[in-house]
Amino acid sequence: MSDAITAGGVTAGRTVARRARRGASYPNWFYLPAAIVFGVLFLLPTIASLFFSLTRWTLFEANFIGLANFIQFFREPFLVQGLINTLIYGVVTSGLKVIIGMLLALLLTSDIIGRGYLRAVVFFPVLVSTVGVGIAFVALMHPTQGMINETLAMVGIKGPAWLTDPRFALYSVALVDVWKGVGLATVIYMAGIVSIPQDYFEAARIDGATAWQNFWAITLPLLKPATVTVIILSLIGGLRSFDLIWAMTRGGPGFTSDVIASVIYKQYQAGFYGLSTAGNVVLFVLVALIIVPLSMFLNRNEVER
Amino acid sequence: MNSLRRYLVGGTAIFVSVFVFLVPFAFIVLTAVKDRKSAATRSFDWPTSWHLWDNLVQVIQTRDYMLVTAFVNSTILTVASVTLLVVLGAMVGFVLQRNPSSRWTGLVNFFVLAGLIIPPAVVPTIWVMQSFGLFKTLHGLILIEVAYGLSFSVLLFRAFVATIPKELDEAAIIDGAGPLRLFFQVILPLLKPVVVTVIVVQSVAIFNDFTNPLYYLPGKDNVTVQLTLYNFQSQFSTSYNLLFMNILLITIPPLIVYLFFNRQIVAGMTAGAVKG
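As given, the protein sequences belong to chains H and S, one line each in that order.
Heads up: the first sequence at position 131 corresponds to 131 in my numbering, and the numbers run straight through without jumps.
With the second sequence counted from 1, adding 305 to any position gets you my numbering.
A couple of the hints might just be wrong.
Examples of chain H residues lying across from chain S (beta carbon under 10 Å, computed) [what the hints assert, rightly or not]:
#1 Tyr117
#2 Val121
#3 Pro125
#4 Ser129
#5 Gly132
Anything over 10 Å on all C-beta distances counts as not near chain S; from chain H, calculated [to be verified]:
#6 Phe52
#7 Arg56
#8 Gly66
#9 Ala68
#10 Phe78
#11 Ile157
#12 Trp179
#13 Ile196
#14 Pro197
#15 Tyr200
#16 Ala209
#17 Asn214
#18 Phe215
#19 Asp243
#20 Thr256
#21 Val292
Pairwise CB distance ranges, derived in the manner of DEER restraints [to be verified]:
#22 H/Ala68 <-> S/Val323: 53 to 63 Å
#23 S/Val373 <-> H/Gly159: 38 to 48 Å
#24 H/Ala211 <-> S/Val373: 53 to 63 Å
#25 H/Ser195 <-> S/Trp409: 32 to 42 Å
#26 H/Leu289 <-> S/Ala331: 37 to 47 Å
#27 S/Trp351 <-> H/Phe51: 55 to 65 Å
#28 S/Lys471 <-> H/Gly116: 32 to 42 Å
Just so you know, the hints here were simulated from the structure itself, not pulled from any lab data.
Keep in mind that this is a model prediction, so the values were computed, not measured.
For glycine and all other residues, C-beta sits at the position ideal for the given N, C-alpha and C.
Build out the structure end to end from the sequences listed, making use of the hints.
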């Protein structure tokens, strides 16, 4: 401890001492507590899942059965349905969040009355309990007594049966997901819009650009980092989504709104631990196969420009 | 002309927002104060009679004060895991940013990204927790929340440590501060803004977490607030007023946090966007 101080007067000596201490001042053991928790409760199960997905598993004994779980996963119609639904749900929610989020952000950064109020109400659902929102919307989306269809009936539209119609169930949940999550996309876009230098719009105004040209030539390209973030974040969330779907439909009617995450839970409840774990591996591979190339592609363009 | 547009567009937006965003919340509140019979119709109308207090007492008393237990459990869970997330996350973010030449840096960065992307493997986690005696325990769930939330915290801390001048570290080191003193007495106090952000964002996330308690903390004695909804759903299937009163009660803590820390929440959640 006193070495550095006694070397004090001589500049060279101090630099050497400082350099020698640098490693010691930022010791690697600072990683250790976090690494133990993360390693034991996240990495270890993830690695173990690769093995257990190949077994018939009761938690006490695991019989190796090769790829049988995965074969079942791609052969059973309701499991395949879950895989397709996961993709639909991820793409629909993240697409809508990009479009609606960007439009809302443009609206909320423009000069209109009631901006503070609007920002608050758009963002608040992000913080509310997902299960609570789900239960409330189940009541609002009731085919005959629900408020949404009663309102539609007043203007002469016969609303769909939302959650009880197999064709609409998944999309109805996706809509509620967008309702709840669009506030996050909006604030990300708002941060992006605010950081665009006003000079560009100034220059465009002198060149006589219309509002429409401003949007396509300035705002949209410069919002690309925000768009990348919104797409990646909402895809990761959408593909893994479980609680809203479980609270609203439990994967029903039938298996029409099942996604991989709800399949994992159902197989776990039924005691098919091997199959449930195989579902986890499928989800992992699916998310990685989509997110990693997508983020590399989106970020590569970023560098080239 | 311009100011007319200002009022027209703003007015339309406010009008639409009332239907899209306020009505669902009003529906929750109004249903929560109705009597059982009129709540069952699921209609959006003014309550004929107010039962705010009755419903409140009834929800709290249901199943041996389960909601009270749940609030206690959720509070312990949130406070403990957020504390750990702040300390452990800041330690990792600090060393990760300050010592990039360490041979661990690449690996740590890789694990941070992996933690953000990979969906946790449920049953193997239960298996690991069982062998450590952590399954169905509150401290087990606390560690789970820490493990799952670390990546996001580390990202926030690493970005913020980069804004603290290294000269400060060097001054402290020359004055003889060891790594622990340097971190806890010099760096951590300077991280206060991002600490607040991490606390707010993570505590809302953990308080609202449904999936992890469902898997790793089953059982009646251990309920967390989100699971009370799930448990009451079947029991309250005929009493919508109580179910919605329950939703209302568990929405209050996030609402309070939002009122006070609006700015930090937005800052934390948009932190990724600035980097691009």
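So, tyrosine 117 of chain H near chain S? Judge it on the closest CB pair being under 10 Å. Result: holds, 7 Å to nearest chain S Cβ.
Could you check that no beta carbon of chain S comes within 10 Å of the beta carbon of tyrosine 200 of chain H? holds (17 Å)
Minimum C-beta separation from isoleucine 157 of chain H to chain S exceeding 10 Å: can you confirm that? holds (15 Å)
Would proline 197 of chain H pass as off the interface with chain S, using Cβ distances and a cut of 10 Å? holds (15 Å)
Is the hint on valine 121 of chain H kept, meaning its closest Cβ partner in chain S is under 10 Å away? This hint holds: valine 121 of chain H lies near chain S, its Cβ roughly 4 Å from the closest one there, short of 10 Å.
Holds or violated: is the Cβ of isoleucine 196 of chain H farther than 10 Å from all Cβ atoms of chain S? holds (13 Å)
Given the hint of 53 to 63 Å, is the C-beta distance from alanine 68 of chain H to valine 323 of chain S inside that range or not? holds (55 Å)
In terms of Cβ atoms, is chain S entirely out of 10 Å range of alanine 68 of chain H? Correct as stated: the minimum Cβ-Cβ distance to chain S is 17 Å, above 10 Å.
For aspartate 243 of chain H, is the shortest CB-to-CB distance to chain S above 10 Å, so the non-interface label stands? Violated: least Cβ distance 4 Å, not greater than 10 Å.
Claimed clearance of chain S by phenylalanine 215 of chain H, with the beta carbon kept past 10 Å: For phenylalanine 215 of chain H, whose nearest Cβ neighbour in chain S is about 15 Å away, the distance exceeds 10 Å, so it holds.
Does the CB of serine 129 of chain H sit less than 10 Å away from some CB of chain S? Constraint on serine 129 of chain H satisfied, holds at 5 Å.
Range hint 37 to 47 Å: satisfied by the CB atoms of leucine 289 of chain H and alanine 331 of chain S? The hinted range 37 to 47 Å holds for leucine 289 of chain H and alanine 331 of chain S, with Cβ atoms some 43 Å apart.
Figure legend: structure checked against the earlier numbered hints; hints not met, in rising order: 6, 12, 19 and 21.
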